[in-house]
Amino acid sequence: MEEFMDAVKQIYGEKVLIQFEDFANHNAFDLLAKYSKSHLVFNDDIQGTASVVLAGLLSSLKVVGGTLAEHTYLFLGAGEAGTGIAELIALEISKQTNAPIEECRKKVFLVDSKGLIVSSRKNSLQPFKTSWAHEREPVTTLLDAIKSIRPTVLIGTSGVGRAFTKEVIEAMASFNERPVIFSLSNPTSHSECTAEEAYKWTQGRAVFASGSPFDPVEYDGKIRVPGQANNAYIFPGFGLGVVISGAIRVHEDMLLAASETLAAQATQENFDKGSIFPPFTNIRKISALIAASVAAKAYELGLATRLPRPRDLEKYAESCMYTPVYRSYR
752 MEEFMDAVKQ IYGEKVLIQF EDFANHNAFD LLAKYSKSHL VFNDDIQGTA
802 SVVLAGLLSS LKVVGGTLAE HTYLFLGAGE AGTGIAELIA LEISKQTNAP
852 IEECRKKVFL VDSKGLIVSS RKNSLQPFKT SWAHEREPVT TLLDAIKSIR
902 PTVLIGTSGV GRAFTKEVIE AMASFNERPV IFSLSNPTSH SECTAEEAYK
952 WTQGRAVFAS GSPFDPVEYD GKIRVPGQAN NAYIFPGFGL GVVISGAIRV
1002 HEDMLLAASE TLAAQATQEN FDKGSIFPPF TNIRKISALI AASVAAKAYE
1052 LGLATRLPRP RDLEKYAESC MYTPVYRSYR
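Those letters in the sequence shown? Residues 752 to 1081, per our numbering, in order.
Think of the hints as simulated: they come from the structure by calculation, not from any bench.
Don't be surprised by glycine CBs; every beta carbon is placed ideally from N, CA and C.
Just to be clear, a hint being listed does not mean it is correct.
Beta-carbon label-pair distances, calculated as ranges [as the list claims (entries may be wrong)]:
#1 1076 / 850: 43 to 53 Å
#2 1080 / 971: 53 to 63 Å
#3 937 / 1020: 52 to 62 Å
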């Protein structure tokens, strides 16, 4: 791996974008940490997933109210996706409040196969989990963790189908007027719950998003179209923004910019239909906007090398996009 990374940079230069895909947890985090300071690298499983889910959370605030810092987050699943999302949430809270990242992490809790990640387990945890080992009493089940922490947001990245049981979702609904429930595992058979279950077990009050696509759900005479937290909302525009700016590194603020831009595209019409994401049919426009915001952040951080800076980054992004149509010939 080291030989490849050195060679590809030597041949193609600082601006070659390398995506890490489907590495095992321990390798994914180690490689990203090792090369993010010396290469232009991106891990979609960690960073792309985190960015789209953070966008969904920012969008959901327009429905449930409050700020990101005023909510409490509980994850089922502490692998690449779970810890990646958790870290980006903490980073965004830190950005919004100017609080230290260590303090912001205390708003986020994770449950793995052995129960709630707490400080008493620290010596046995994998390195990427230790930041989430808070000072709390250990509990072994998700339901007990919910009762103890009383989260406002429940996020599933476990890959365990139907892990969000009726009791789990009813517990969330018992102390939240609008519980936020993200069932993100793929494929559908591994989804922690279905859209129908989330709506039914919360009397239609859940703000729901999924990793797998679900059909519209009718509940209490109203049709809800659940949103899908699909990485494809983020990575095309993110990659384009990196390329058009000639960025030499991926910075966490570029990921936050992508999340904020995507969240801003969700409208009241989308919320009224039950979705916290804009329609995927708008993906080309969304990607151009994300590319522009990512590129702008790269210029702001001094990481961009394409000079002079294009006057209109959105139009420049659109001009660089491939249009999949055949030319007309006489």
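Unmet hints by their number, sorted upward, for this structure: When the structure is compared with the hints, only number 3 turns out to be violated.
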